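**Q** Top line first, the protein sequences correspond to chains A and B.
Okay, so the first sequence: first residue is 1 according to full-length UniProt numbering, each after it adds one.
Okay, so the second sequence: first residue is 1 according to full-length UniProt numbering, each after it adds one.
Please keep in mind that the hints were generated in silico from the structure rather than gathered at the bench.
Honestly, I wouldn't trust all of these hints.
What the hints assert, rightly or not - Partial list, computed: chain B residues near chain A (C-beta under 7 angstroms):
1) P40
2) M42
3) R127
4) E147
5) L149
6) G194
7) E198
8) G251
Remember, it's a predicted structure, so these values are computed and weren't measured experimentally.
Ideal placement from N, C-alpha and C gives every residue a C-beta, glycine not left out.
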Amino acid sequence: MKRERRIRLWPRGLVGRVMLVLLASIGLVFVVSWTLYEHAEAYIEDGDRLDLIGERLATDVRVLDGAAPTTRPMLTTMLSTNDLRMIWLPVSAPPDREGEPARMSELHRQLVAANPVLAHAQLRLHPGRPGKWTDVTGTILLADHSQIRFTAPDILRSHVVTRGLATATIVSLSVLLAAGMLVHALSMPLRALATVADTVGSGEWEPLEEKGPREVRRLAHAINEMQKRITHLIEDRTEALAAVSHDLRTPLARLRLRAGFLADAESQESIEADIDEMEAMVGGVLAYLSGEKKREPSRSIDLAAILTTIADDAHDRGAVVIYEGPHRLPMCLPPLAMKRVFTNLVENALHYAGSASIRLTAERGWVIVDVEDEGPGIPDLEIGRVTTAFYRVETSRSRKTGGLGLGLAIVKREVERTGGSFTLENRLTGGLRARVMLLTAV
Amino acid sequence: MRFYLAPATGQHDTRMNDTSLPSLALQDLPVRLLIVEDDPGMRTLLSRTLQSDGYRIRAVPDARSMWEALETEAADLIILDVMMPGMNGLDLCRALRQGGVRGNVEDKGFSRIPIIMVSARGEELDRVLGLELGADDYVAKPFGQKELLARVRAVLRRGQQNSAVAADRPRREMITFAGWSLDLRRRELYDPTGAVVEISGAEHDLLVSFLDNPQRVIGRDRLLELSRTRLGDVSDRSIDVLVSRLRRKLGTDADNLIRTVRGQGYIFTAPIERV
């Protein structure tokens, strides 16, 4: 079967489309400038001077018509003034073949109307040559078909010239704009692609629309397929890790119950401590993974109550946690995620510094929670990396209860999901400041 | 006080609701616990732990044997594992609260047996779900002996209080006062705008104690007694601390809501309404 091949106006490929845009731009410049230049009227401000020139031209034609050809060169020189220079050319000189541009027609009409003799003399007007834009030149035929070339310097008003420049600028700008918009539209699918590619791996991915030029469509398709494979891979690993973590809890529970029967108090205590550590790791992994899969919906909660409860709870366990801020502050946030965020920050501070202070302030659209401690802080080089999952400051890895390095990663993820921001900085007075900024109206 | 539940013969009214019985009677009649746990190791360890505390233990591996065990003899408390093959703990809990499986094992008394859920899924959402379905407490694995025993005691004590106050009170409850509301099942407090106000377990229990005795002066000793279901060791002083924490969360009007009666204790002034 013969496959029908149609010539398409809108090419499939990117190259074809760009070429079409270029072609369209060039065509547009051509059409617009032609129209504008042809129809722009020449304009003379000094009407009196024009009348004078018309009269003089009419007189000169009559004088020169009556004079003998041999005297004409001398006569024209004598009749020339600064305002109107003239040269006589004999019949043998090449005729003025240049047509009169449309923009001179109004000028022509004025001159002829005032001096009908010029109509018979085949008056032709031209704008001045480059560099002499304000001059008007022209030719008049005498009865014997010899010519007078004349130049009236500086008679066209300069704004005619600027108008010409302005139109050129407008034309170029509008063409530029049109071409820019077209190219923008062309690259839209590419930019959409980039946006989607940015979210790859962050767990919130929507399949990319496969549209646009052929190359972009293929790229989008490839990225969609890649994303599917990555999602499957991540899901499989996540599920496996979560399953192992869950399953670890039952043997841990057995171990802990069994430890309760040990007569040796000392080994019982150390087994308990080991179980605590393992439990913290399992809990951390599960907390991290569960947040990865599903997002908790926001609801109206009292942020101050969450912070004071965390502080009171730590206080009951014998730690020093100071809370400064309002007693109540209702906000719309995911409650469990926020509880986890601030518990993690406070636990972190207690772990490294033994004490913590929480400060809650609200200012212009933002609610700021600072959790500060007086611990050793974090080396400046590491401070950007501690929020990466499973990353631990080198010194903490060897520590007994270093954890898995998920606490701050969870904090960062959950805070950024609400549209807020999380920053860590070493305080000048020593210690670490963890700052959570939350949007008041989400 | 309630010491045992009626056996599954339909005589639910034999439950003892006499609050005047001295609490040492607890020791006279051993409390019967039923453990439902599929992991053999856990089952043995749970039994050993609770046995050593003086409870009478029966341990079964799955849902079917649980119903059988309940038909043979009632239980005063069920410890239920969530993750079990077949009918899981959450389904079982729901079934118990609905009074058994219709047409098979049915007993209204089931709906009143205190239940402690035991789960390897310690996430907050699972805990809330378990409590919503009618569990009295939710213990996350891995827990220690002390924690388990404390929870069992607390739930048993709460059971006594509840049956003392109102035996037939529906399981799911909402108490409102001065625009605020407390969801007893989810253990969540809502302010007048509907925002969730985080409260600790001890604060929750204290608030419940106040709400059970509105517009009556409650002495510190009595509050101590009522709140001990959760707090390990509470002193007079920490009751004051708890009250001040609760007041802070209840907002600007809280000093009027919970008023201090000099030398006697506290009074919860607002009228309450159960929904």
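**Q** Let me know if the C-beta of E147/B comes in closer than 7 angstroms to any C-beta of chain A, holds or violated.
**A** 9 angstroms, violated
**Q** For the hint on R127/B, does the least C-beta distance to chain A fall short of 7 angstroms?
**A** 10 angstroms, violated
**Q** Let's test the interface hint: is any C-beta of chain A closer than 7 angstroms to that of G194/B?
**A** For G194/B, the interface hint holds, since the closest Cβ of chain A sits about 6 angstroms away, which is under 7 angstroms.
**Q** Would the stated hint for E198/B survive a check requiring a Cβ distance to chain A of less than 7 angstroms?
**A** Holds, about 4 angstroms.
**Q** Have a go at the P40/B hint: is there a Cβ in chain A nearer than 7 angstroms to its own Cβ?
**A** Not OK, violated: P40/B not within 7 angstroms of chain A, min 10 angstroms.
**Q** Holds or violated: is there a CB of chain A closer than 7 angstroms to the CB of L149/B?
**A** 9 angstroms, violated
**Q** Should the hint that M42/B touches chain A count as held when the rule is a Cβ pair under 7 angstroms?
**A** Check passed: Cβ of M42/B comes within 6 angstroms of chain A, closer than 7 angstroms.
**Q** Classify the hint on G251/B as holds or violated, based on whether any CB of chain A lies nearer than 7 angstroms to its CB.
**A** 5 angstroms, holds
Hints 1, 3, 4 and 5 from the list above are not met by this structure, while the remaining hints are.
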